[in-house]
Amino acid sequence: MVLGNYKQVIAARSTDPEILRKAQDGGIVTQLFAYALDEGIIDGAIVAGPSDEPFKPEPMVATTREELLASRGTRYSISPNMALIKEVTRSYGLDKVGLVGTPCQMQALRKGQLYPVGLRDVADKIALAVGIFCMENFPYQGIIQLVEDHGATKLDNVSKLDIGKGKFWIYTERGATVDLPLKVTHKYEQPGCHVCLDYVANLADISTGSVGTPDGWSSVFVRSAKGDDIWAKAIAAGAFETKPMDSVKPGIDLVTKLATDKITKNQKYLESRATEYGVGKALRNPYI
Amino acid sequence: MGILESLKTLLFGKRDVSGEKQDEKPGSAKAEKPADVIIEEKASIIKEPKEEKPVADKITVGHVHMSGCTGCLVSFADTYEGLLTILDKYADLVYCLTLADVRHIPEMDVALVEGSVCINDHLSVEEIIETRKNAKIVVALGGCACYGNITRFCRGGQMNQPQHEGFLPIGDLIDVDVYIPGCAPTPQQIRNVCVMAYLLLKGNDEQKALAGAYLTPFMNLAKAGTEACGCDIMTQVINQGLCMGCGSCAAACPVRAISMEYGKPQIERDLCIKCGACYAQCPRSFFSFDVVNQYEGIMDAIDAAMQP
Ligand SMILES: Cc1cc2nc3c(=O)[nH]c(=O)nc-3n(C[C@H](O)[C@H](O)[C@H](O)COP(=O)(O)OP(=O)(O)OC[C@H]3O[C@@H](n4cnc5c(N)ncnc54)[C@H](O)[C@@H]3O)c2cc1C
Ligand code: SF4
Ligand code: SF4
Ligand code: SF4
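Protein sequences appear in the order of chains A and B. Residue numbering for the first sequence follows this note's numbering, beginning at -1 and increasing consecutively. Residue numbering for the second sequence follows this note's numbering, beginning at 5 and increasing consecutively.
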């Protein structure tokens, strides 16, 4: 089951033009949180906020629409959103917590709910976990290397980064576009990503990503009972425009293919850790 | 996978599969109790007219206080009404100096041991040995029992037992079956282990399988050793090429010894109290798809089990 359990998969985008203006894709994440905040479904959400370095995400607890808007867009480097998962229920005082994260962060969240070793009183305060698809991530220094060295573009001038259609895209504020073949990006990938066996955030309440749908739209998996309930309400409230997944190109087949590719490749690497690193020794396998 | 189904059967099974039997037995009108399902086979107990609750199938639990601070027991109590549900339905507390007047360590199914052992205090050494002899399952409850925690820093020289200087986690003196790390361990984690320990001892084969799968990581931690430190994040995760920067370790640390620098944990080792929470919480220490993929069902089921 490379796509995980889900109740439905749809193509969707936000109906809010302000959210869409700077959203990475269909603005699903920001719209979901904005709607949930308005309705009192969440008191706030842990998102990847801006920091003082361009395109370096900094985990942030957003409790207003403005803060949510400031977190729009993908930053292709590590944002340790789980680092705030306890604090958000402490000094921030939130009872109904939203969280966005990559598949590994959704795994961390669910492990934390089932095995709360150091996360007292966190498990039942998670109201909405939104997962984003993720093929791999990069250390921030890798992004600098890619944009400034390979892309010969100052990171301060970049308006958007995107990975899609087999390329790493750099869009500048003044309208220039630089694209790099994905091949050059591989060596900058975070090594820990190579043991990752989840592409479409199988453990989120709702997960979303760009692949499978046209530009400006998102693929959305509605997974848990909680996710189903919130999605239905958001649709009823007119927060999203939707299309059946089988009516859009390239559609679910591409999502399935990329998910299968990722899992197969990483499974192979995991096996190699047991046999090819050392003589009579193995690197540790976290999956039991 | 069967695991979830089996838990559901345990919790709701009577209503689903043998509703008709329910009517025959006025004494068991409430079908939600896991114990009821098991009790069915033991007709002699349920027919006993004075027996209002099927207490006979509870497990026996003791709390053994070694060199600890009682914070682990407070965490147990911090399940609030959950504690009463546990004591009502699943477990009899047969020993706990803080809460009950039983003076000597009795036989018990599960011993929750908090604190480490002062090897210069012969009574402590005797007690931990007796605990192992008297308990089917020994649980090291909290960072001190598992890993020594703050007592790792003891070195004697204080009034009025300046010679009390050697402290060891209980696993250095006896075999330990299950670890619950954390300083303090969380109420929710203790609750989950209690429910699962009950299933392990009183459930059918499938229920035992679920409990076994859930508890496996904590049994593996018990086998892995008695040393913990923020350094584990380095030696077992980052050095092994497994860290993906989620930040769980930083969230878990009770003393904020871990911060995230450019997406990776930075450990302030002089702040670290060696509790082991960061490594145990890290999703790249252990991660079981079998269990975690069914988080929704398992969490619902534990909630249901905790209903009074
Ligand atoms: C490292 C990475 C790799 C990805 N790889 C793929 C892929 O292979 N295929 C695919 O279809 N989609 C991928 N995505 C997801 C995609 O880029 C969009 O994030 C997603 O479609 C959401 O778009 P949106 O318009 O709904 O979100 P928006 O409304 O624009 O909001 C984006 C949200 O993502 C959060 N966010 C941004 N950066 C990070 C980060 N580094 N870590 C955690 N949260 C962050 C922000 O806090 C914000 O809440 C990836 C995302 C990341 C961060
Ligand atoms: S590839 Fe996996 S481990 Fe890496 S950031 Fe994405 S979800 Fe996390
Ligand atoms: S770094 Fe923190 S969580 Fe980890 S062992 Fe030390 S005190 Fe415990
Ligand atoms: S919890 Fe584990 S994977 Fe996550 S940041 Fe810490 S060491 Fe890395």
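Hints are supplied without guarantee of correctness; some may be wrong.
Chain A residues, not near chain B, derived (Cβ > 10 Å throughout) [stated by the list, open to error]:
(1) 6
(2) 222
(3) 243
Cross-link-like lysine to aspartate or glutamate pairs, in silico, DMTMM-like; alpha carbons within 20 Å at most [what the hints assert, rightly or not]:
(4) B:140 / B:169
(5) A:123 / B:307
(6) A:224 / B:111
Don't read these hints as lab results, they were simulated from the structure. Every residue gets a Cβ at the ideal spot worked out from N, C-alpha and C, and that includes glycine.
**Q.** Distal placement of residue 222 (chain A) relative to chain B, Cβ over 10 Å
**A.** At roughly 5 Å from the nearest Cβ of chain B, residue 222 (chain A) sits no farther out than 10 Å, so the non-interface label is violated.
Q. Residue 123 (chain A) and residue 307 (chain B): Cα distance at most 20 Å?
A. Roughly 14 Å between the alpha carbons, so the hint for residue 123 (chain A) and residue 307 (chain B) holds.
Q: Could you check that no beta carbon of chain B comes within 10 Å of the beta carbon of residue 243 (chain A)?
A: Residue 243 (chain A) is indeed farther than 10 Å from all Cβ atoms of chain B, at 23 Å.
Q) Are residue 224 (chain A) and residue 111 (chain B) close enough, with their CA atoms no more than 20 Å apart? A) violated (44 Å)
Q.
Please check whether the beta-carbon of residue 6 (chain A) is more than 10 Å away from every beta-carbon in chain B.
A. Residue 6 (chain A) is indeed farther than 10 Å from all Cβ atoms of chain B, at 16 Å.
Q) Are the Cα atoms of residue 140 (chain B) and residue 169 (chain B) separated by 20 Å or less? A) violated (30 Å)
Going through the hint list in order, the structure does not satisfy hints 2, 4 and 6.
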